[in-house]
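Novice: The whole structure should be built from the sequences, with the hints applied where relevant.
2 protein chains.
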Amino acid sequence: MKRLEHCQVYQSARRGFAPATILFDDRVQSVSPSEKGGGRYVVPGFIDIHMHIESSMTTPTEFSRVTLPHGTTTIVADCHEVTNVFGIEGLGQFMGLEVLNDTFYAVPSSVPATSSLLETCGGTIDGPEVRRLAKDRRIICLGEVMNAHDLLADGDNRTKRIIQVFRESRPECPIEGHCPRLSGSDLDRFIASGVDSDHCQQTPSSIRERVEKGMFLEIQYKSLTRENIDALKEFPGFFSFVTDDVMPDTLMGEGQLDRVLRKAIRLGMRPEDVIYAATWAPAVRMHLVDRGMIAPGKLADFVVLDDLDSLSIAQVYKRGKLVYDRDAELVPHVTLPSFGSGILQSVRRDLVRADDFVLRIPNGSHQVVHVDHEAPGTLTRKTIRTVTVTDGTYHAPDVSILASVERYGHQAPVVPVPMLHGLSKPGAICSSWSHDSHNLLVMASDAKFAALAVNLVIKRQGGIATVDPKGEQFVPLAYGGIVSLEPMDRLGKEILQVRAWLRDHGYQADDEVMSFAVLALPVSPVVKVSDKGIVDVATGTLIDWRDAE
Amino acid sequence: MKRLEHCQVYQSARRGFAPATILFDDRVQSVSPSEKGGGRYVVPGFIDIHMHIESSMTTPTEFSRVTLPHGTTTIVADCHEVTNVFGIEGLGQFMGLEVLNDTFYAVPSSVPATSSLLETCGGTIDGPEVRRLAKDRRIICLGEVMNAHDLLADGDNRTKRIIQVFRESRPECPIEGHCPRLSGSDLDRFIASGVDSDHCQQTPSSIRERVEKGMFLEIQYKSLTRENIDALKEFPGFFSFVTDDVMPDTLMGEGQLDRVLRKAIRLGMRPEDVIYAATWAPAVRMHLVDRGMIAPGKLADFVVLDDLDSLSIAQVYKRGKLVYDRDAELVPHVTLPSFGSGILQSVRRDLVRADDFVLRIPNGSHQVVHVDHEAPGTLTRKTIRTVTVTDGTYHAPDVSILASVERYGHQAPVVPVPMLHGLSKPGAICSSWSHDSHNLLVMASDAKFAALAVNLVIKRQGGIATVDPKGEQFVPLAYGGIVSLEPMDRLGKEILQVRAWLRDHGYQADDEVMSFAVLALPVSPVVKVSDKGIVDVATGTLIDWRDAE
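Residue numbers (our numbering), protein chains in the order written: chain A, 1 to 549; chain B, 1 to 549.
Everything labelled a hint here was simulated from the structure, so no lab data went into it. Be aware that one or more of the hints could be misleading.
Stated by the list, open to error - Short, incomplete list of chain B residues facing chain A, as computed with Cβ under 7 Å: (1) Gln11; (2) Ala13; (3) Gln29; (4) Glu172; (5) Asp188; (6) Ile191; (7) Val211; (8) Gly214; (9) Phe235; (10) His287; (11) Pro296.
Even glycine gets a Cβ: it sits at the ideal position worked out from N, Cα and C.
Specialist: As structure tokens, this is what we get:
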């Protein structure tokens, strides 16, 4: 039997601390009051119930290794990226990788994010796949339902079928949602379909409306403002903190869920309330009855802090085992297995030519539609210009070429579209990590650089290529073109370089790499690009850029 | 689409009311703020997550009919009484009866309550039965684990096996507990085994200790004191109100869960907090994700109140249907099916003789052990007297005869034991409704009356018989000897008469009928009687009343 003696131990039911001694093996045996506690605070292991491992471009294995020192002992992963690439067989392989934390999973609900009419990907999840996945006890929720368009439509569709089959198979499990900007009667209908959480960027009024309508809120970094914190204080127990997406360089630099918690504290939430929303509240939401609290019978997952306000992590215990000790320089260790060609040879695309990326348009006057990426968020807008074409192609000094090149073996024709607020210097970036279909997203100053960057990603079988007159750089993402097999610290440095390249070439966004990648996500407002062209997200239709209505 | 317009609608996340209009069919479609609300309050249907239908001596069908007007729209029933009588086949039959509310079930964990070494009953639940029952989706928890003795013992036993199999089969489901008076390291070990609720009678310190140790508390009527209410106020969300056992006459006179809620309000808890602990808190505890709140997508289960402090119920809606309207005199209707001899001929016992109940003991001086029933609760104590026997039998003016006559076809010898604070006038009462084994419990002034009462129950195949020099009365409990097939209002009046008989004959207890019945419950402190004799509850052993150590 192990013990942590005379600490300040977190009491979930009181949202406070009391001096105590904890006896434990893999589970807590007892928590006995002490006369006085020492300077260290012991809190339950952090639980991140809405996140995507592939956003950190890594395997569950490496993810667990690098996030345990940040206090994250349990995650609920929605691996819809790997499922978009490989289908549910590939999800099963990903779930089979060794982890050091406890990793639970969601049934990915959005594979593809929209439909095969709007985009091409490598897998499909519909009723039969949901029924099959729901039998797996590691799966404990339906992953974020994003397609509000489907849910609010009349008649049958895939999103409704998925919810129905999941509800029948697992009536007790939560259904996670993604509904940015939705409100009023549309939000009512979205929630009435059974989707009762949201993890998108919030405002005080969206927080109040959602919680009053019965939603559980999952608050990520970008939702943390002083005003939102004040709104959240009205509803203890009805929200948790989550990470959603954490880029490799951010993870190595600032941390994972702990980074979110620290920001919440800085913005004025009591550390005791922040810890509640990272431990007990998410455990209750996900019915993880054996954790989230330091009490008899619960897992001995502990984070030992030497300061509460800075959330400075000295030690982490997972299932009673000390896995991280800052001062003793103890860190977790694990090794990856080797992978076969099914995993490593996933970019099934013949090489492209510069000609594929030329914006062709008949001579004459046109109303040209542009994907216009406004800094600082991931939002885009549809910007229309009247232009006169004389050489059969559209080009202008401030116009970049944007395309998502299909890479699942169909050799579909490339559909380049014009973009504003893209690159301001010569060059191109291409990434096979491009949410959620993970085709080969390219943004280029001209067609020649576009083809160079795309062909580099095809030849290297997945990754992020940047090319410009000075040369080329490449970050390999060998696993399905979306996940690195490198250690996270090296990957983090490489992604930092990609970020610098984007900034140097005039691309402006808060999170340059992620904002670029989600230019391909046709459920994120307002206009995005798929392998089939520009998608109008609100209507779920393709737009011809050549002639606006 | 139906609507409830301009009401004061309960907002769970705020534990308060706001004027609103509700649109609904079987589920809520929307809750829209109004300029002003009328005088009526609309709250979610009440959810009673710890209760035994058989305590009200009735079927699930009749129970649902009579409790909907009290606002109870969902129950989680632990039917260990009917399972003790008929085994899991009989539980399945009981669960198959038509109901008007939503009735979920627990896996009965204590069949028998102790072991076949200490008592005889009609069914057994062990690992294989748990595995089979856990496949049924109407079953959502493991019913109250009562056998602290087993849990705290070393090595393998049935209670531990049941928990292990349930945990394997349904890892996400709660495990309910019953641990009166347990505290300190024994309570730690009890909780560490996975049992994390308690519904027994509490004190402020037992409330604080249990919640701090991670238990969810289920607060029943007898736990409601002003001091306990003050302690509970420290822990919103960590307790719910429950009924456990409600006698037929109490149900018809004062109500069901609403009776508990009214008492909590009278003792100083805000009605808004009381409602929370009867709706959202129990829904969360039991993972009933589709109810407990008035919000889009949740079941349209409403209780309409015209006064908050008195919790005066004007209407009840179940799944959108108005099932009770006080002013329109609308009440629910349902009819029972007919039952076969397997259900109706369940008392398999040959007739007994007065001689079976004589307290035989060798002549000489003895230390005689008595089951001593102290008013006002259900607690007993072991009282020892030094007596001198001259005629081979033990008798004294203040000593009653107590016996639990085996009735499952084994024709086991009767083991009468002496009792203090039993009857003070000539007569006997015998009941086949005697928790949890439901043998024929008899308490008598002498052996002749004992045999008369027991034989009446045998001849009539189950019920409660009272006999005295003035004559006899009988309440039939035709279904397994524990459940009446009469309408509840008639049954309530009959039970009131039994209560009056017990009081008239000098038996003193707060709840005479229940206190008498649990004289046979060998997990309830301190000494109880089974068909095998006196059971010492703390040690789980049989005591020979004839010679105390």
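Novice: Does each hint fit the structure? Answer for all of them.
Specialist: Right, here's what the structure says about each hint:
no.: 1; hint: Gln11; in the structure: 6 Å, holds
no.: 2; hint: Ala13; in the structure: 5 Å, holds
no.: 3; hint: Gln29; in the structure: 6 Å, holds
no.: 4; hint: Glu172; in the structure: 5 Å, holds
no.: 5; hint: Asp188; in the structure: 4 Å, holds
no.: 6; hint: Ile191; in the structure: 4 Å, holds
no.: 7; hint: Val211; in the structure: 5 Å, holds
no.: 8; hint: Gly214; in the structure: 3 Å, holds
no.: 9; hint: Phe235; in the structure: 5 Å, holds
no.: 10; hint: His287; in the structure: 5 Å, holds
no.: 11; hint: Pro296; in the structure: 4 Å, holds
Checked against the numbered hints listed earlier, the structure breaks none of them; every hint is satisfied.
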